[in-house]
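K.L.:
So the protein lines, in turn, are chains A and B.
The first sequence begins at 805 in this note's numbering and counts up one residue at a time.
The second sequence begins at 979 in this note's numbering and counts up one residue at a time.
Keep in mind that the hints were calculated from the coordinates and are not lab data.
Not one of these hints is a red herring.
Once the Cα atoms are required to be at most 30 Å apart in a straight line, the calculated DSSO-like pairs of lysine-lysine come out as: (1) B/K989 <-> B/K1414; (2) B/K1002 <-> A/K954; (3) A/K954 <-> B/K989; (4) B/K1002 <-> A/K862.
Some chain B residues close to chain A (C-beta under 10 Å, calculated; not the full set): (5) L997; (6) G1176; (7) V1228; (8) N1266; (9) P1692; (10) K1694.
Heads up, the beta-carbon is just placed ideally off N, CA and C, and yes, glycines get one too.
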Amino acid sequence: MSDLIDIKVTVNGTLYERSVEPRMLLSDFIRFELGLGGTHVGCEHGVCGTCTILFDGKPQRSCITFAVQADGHTIETVESLGTPDKMSVLQQAFQEKHGAQCGFCTPGILMTMTAFLKDNPHPTEEEIREGIDGNLCRCTGYQNIIEAVKLAADNMASKS
Amino acid sequence: MEKKYLGQRVKRNEDPRILTGRGKYMADITYHNMLHAAFLRSDYPHAKLNSVDVSAALEIPGVIAVYTAADLGDYWHPGPVLVPAPHSIPGITANSRTQIPIVKDMIHHQGEVIAMVVAENRYIAEDALASIMVDSDPLDAVENVEAALLPGSPLVHEELGTNIATYVRQERGNFAECKTKADFVIHQKFIMDRGSAGAMENRGFCANWDEDAQQLTIHCNTQSPSGLRNSMAAWFGIPEQRVRVVVPLVGGGFGPKVMTNQPEEVLCTFASIKLQRPVKWLEDRAENFIGTTAERVQVHDCEIAFNKDGKVLGVRDSFLYDTGAFNPYTATIPLNTQTHTTGMYDIPVFLTEFTSVFTNKMICSPVRGAGRTYGVFVMERMLDMVARKLKMDPTKVRELNLVPADAKFPLETGIIAQDFAQFVLDSGNYPAVLKKAKEMIGYDDFKQNQQPKFRAEGRKVGIGVVLFTENTGVGPYEGTKITVGNSGKVFASSIYGTQGQGHFTVFAQIVADQIGCKVEDVIIETGDTDKFAWGTGTFASRGATVLGNAYHHTATMVRAKILATASRLFNVPESELELGDGMVKVADMPEKFIKLGDLATKANPMRGTIKPGTEPGLEATGFYAPPYGATAYGAAAAIMEIDPLSFNIKFHKFIFVDDCGTVINPMILDGQLHGGIQMGVGNAYFEKLVYDENAQLLNGSLMDYLIPRATDMPTKIEIGHLNTPSPLNPLGIKGVGESGTIPIPPLYCQAIEDAFDLPELLITDVPLSPSIVYSLVEAAKVK
Chain A
805 MSDLIDIKVT VNGTLYERSV EPRMLLSDFI RFELGLGGTH VGCEHGVCGT CTILFDGKPQ
865 RSCITFAVQA DGHTIETVES LGTPDKMSVL QQAFQEKHGA QCGFCTPGIL MTMTAFLKDN
925 PHPTEEEIRE GIDGNLCRCT GYQNIIEAVK LAADNMASKS
Chain B
979 MEKKYLGQRV KRNEDPRILT GRGKYMADIT YHNMLHAAFL RSDYPHAKLN SVDVSAALEI
1039 PGVIAVYTAA DLGDYWHPGP VLVPAPHSIP GITANSRTQI PIVKDMIHHQ GEVIAMVVAE
1099 NRYIAEDALA SIMVDSDPLD AVENVEAALL PGSPLVHEEL GTNIATYVRQ ERGNFAECKT
1159 KADFVIHQKF IMDRGSAGAM ENRGFCANWD EDAQQLTIHC NTQSPSGLRN SMAAWFGIPE
1219 QRVRVVVPLV GGGFGPKVMT NQPEEVLCTF ASIKLQRPVK WLEDRAENFI GTTAERVQVH
1279 DCEIAFNKDG KVLGVRDSFL YDTGAFNPYT ATIPLNTQTH TTGMYDIPVF LTEFTSVFTN
1339 KMICSPVRGA GRTYGVFVME RMLDMVARKL KMDPTKVREL NLVPADAKFP LETGIIAQDF
1399 AQFVLDSGNY PAVLKKAKEM IGYDDFKQNQ QPKFRAEGRK VGIGVVLFTE NTGVGPYEGT
1459 KITVGNSGKV FASSIYGTQG QGHFTVFAQI VADQIGCKVE DVIIETGDTD KFAWGTGTFA
1519 SRGATVLGNA YHHTATMVRA KILATASRLF NVPESELELG DGMVKVADMP EKFIKLGDLA
1579 TKANPMRGTI KPGTEPGLEA TGFYAPPYGA TAYGAAAAIM EIDPLSFNIK FHKFIFVDDC
1639 GTVINPMILD GQLHGGIQMG VGNAYFEKLV YDENAQLLNG SLMDYLIPRA TDMPTKIEIG
1699 HLNTPSPLNP LGIKGVGESG TIPIPPLYCQ AIEDAFDLPE LLITDVPLSP SIVYSLVEAA
1759 KVK
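Take the sequences, apply the hints, and build the full model.
P.N.:
If you want it as structure tokens, here you go:
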């Protein structure tokens, strides 16, 4: 459709060099060019937060970011957090507290909360609630998500 | 019955792959030669389609095909009726108009498919939509269900001569007579609107027709894999055995994904057959608002006849139901409304009648709560009105009218339910649930001690306590196949759809109890029609009840085979065998045991003999079919404060009491309630699909259709349980999936009225919003 643009993006510690259409969404780039399916897309207009990734360490909606905007930047997706055999402290807390049901919004919430806990390792429940207010979840009513984040914070604190 | 895991807070088997982003959803399904579909949808809700010019779209590089109705040939026809009318009820009117795959000449609702583009990728497919020229003449649209029945209204289906789709009248006793005997009769109109299911994952569908194998493989996030298989087989003339439906993980269902024969399903399959390539469609959120079914408005005209002691003698509820442009699901929603209105109350006389009305809107289909919400809403509101009239406490009025604890269950209600069987209350202790709710919320203390203080300070803090029933676990049936494998892992398959309810764990708990293995060694396979061919689908909160009992039943059959095989092997009676820890042991003889995997190998030898007349392997197939639905029930109670400036609501306390019989996994149960309550909060205070007078949707995005966020929810939902096992099934389970949603709108109404304590403040319509409540309060002050 149009000229391709060369970009270099570091995703989960690996440098990728790709040629992409200028209009390609970062979410599609991550999912279909790089094959990292953990980043889900729920609304494609930046509201639901499902597609949230870390962009230079900060949570960002990948569905309203173009892949070319990521040129020279560093991205982390849910695949960077842990594996089924070795989940991160946050992921383990989500299992312990039943913080995910269908799991579709979960990667975005995990990425948002990963950054949140870095900024605020000892959050109050109210701060956590405010912290995930930009992410929609239709299954859980959020209560168990908030409890999971609190548990993760406590577990991280006791380990450090 | 073995019960090691049943009732335990077992962590979910599915979580490690879901939490690490390894779970595969529809967007992850791919073939190397896959094409992508996009749909041109009508902007007009009602119009005559003159022509569609696709020539410019076909010129775009990467576009493979563009289809309109003319291309479908004999494949163009209206879809089947998905749920029939309740013909066992005498005197019904049933006008059926079912969905068409693509517009031929008339446009019936905004979002209806006019053309389909198939392209090398989705970007190109969506580009091409903009190049399609549509010539159509807009017509006056039918938007309002009341106006739709007035003479001179435009008609959605001209040839019917009416906008009436269905009329059903059911009566217990004689309301006209009952009215004359009552001390008081209150007559009130109520309007309840409901909205989008709002699953975080939109719909998706991928069809792959293999011409050489004459095999159709479908991936879809459907709630009804079997229904989808059967319908596509019928539509395209393929044997069911050559249609495989595979459902990956699903990002939430909540109702609309149970609909089959959807336009996109028919068209993607058609395109795959035509083009001999896999064709995939992923819905976007804008499409989801106009192209996916939702639930919608009911307008109720109600009367309640009661005596001055607070005893209700009878209720009449005559309501209109907006079924949208087509009614393939016929009357499931309004039948649920009818069955749930008097619910757990002992009300001798009940007249309920509904008129289902065609409008130029998207089809109305069940969304979590599925009609029950409306019945509970009007009943709970009427009881509050009775309380106000008699200056009685609202909980007292409820207490007076409940079916008593010593009632002789099962109690027949005389009202036909969504499964066309009579709605029967199978078991329960309703006064106990009210009592528990009042205790948990601290009702008397709040009323006597706290509220006077808040009122003295001018703060608007109110309390609400409402009750509900949920008829769950309806038929027809579900089935499973369970196999103990050579590895010792147990493979347990059904055709059931799963959308996050924890099925990979709760069913594994049930199976593990019978087989004597670990929960994590039971692999639950769902939604692959090649793994198990029989079943119906995920709806009516029926998974735990119907499929759970099917798993239990089948697992007992496998257990019997394990015992018989081991008995022959060890030459000891079955009574001396014990199952546990993934092995069969001979009691009191520690050296005599065999691992289940090894036993499975022996039960299916590759040489030699097996006992004539027996079956090889440790495998069984079994079914469970309920006589009628098991009815759960409960209460919701809250103390809420309305901010005087923003009219946002802050919860001081929020409790929920539920009786769903036997609990499989309390952690997952509470999660189901939390999510249900969230949707109820949306129904009460946030979510509304707003249509203009031309039936044009005005808020089709998540920017302005408000799904509750974390800060909109109660900070802590406290849950209490009663456990009255259902006598209808061996495990004693009643469903719970929709319970949380059902009672929340009337809860808000009662508590808000209580907070403002204005004699003229009566809330009759939901959803509310901060601005609506502000207006109601201001109007009530003036009166």
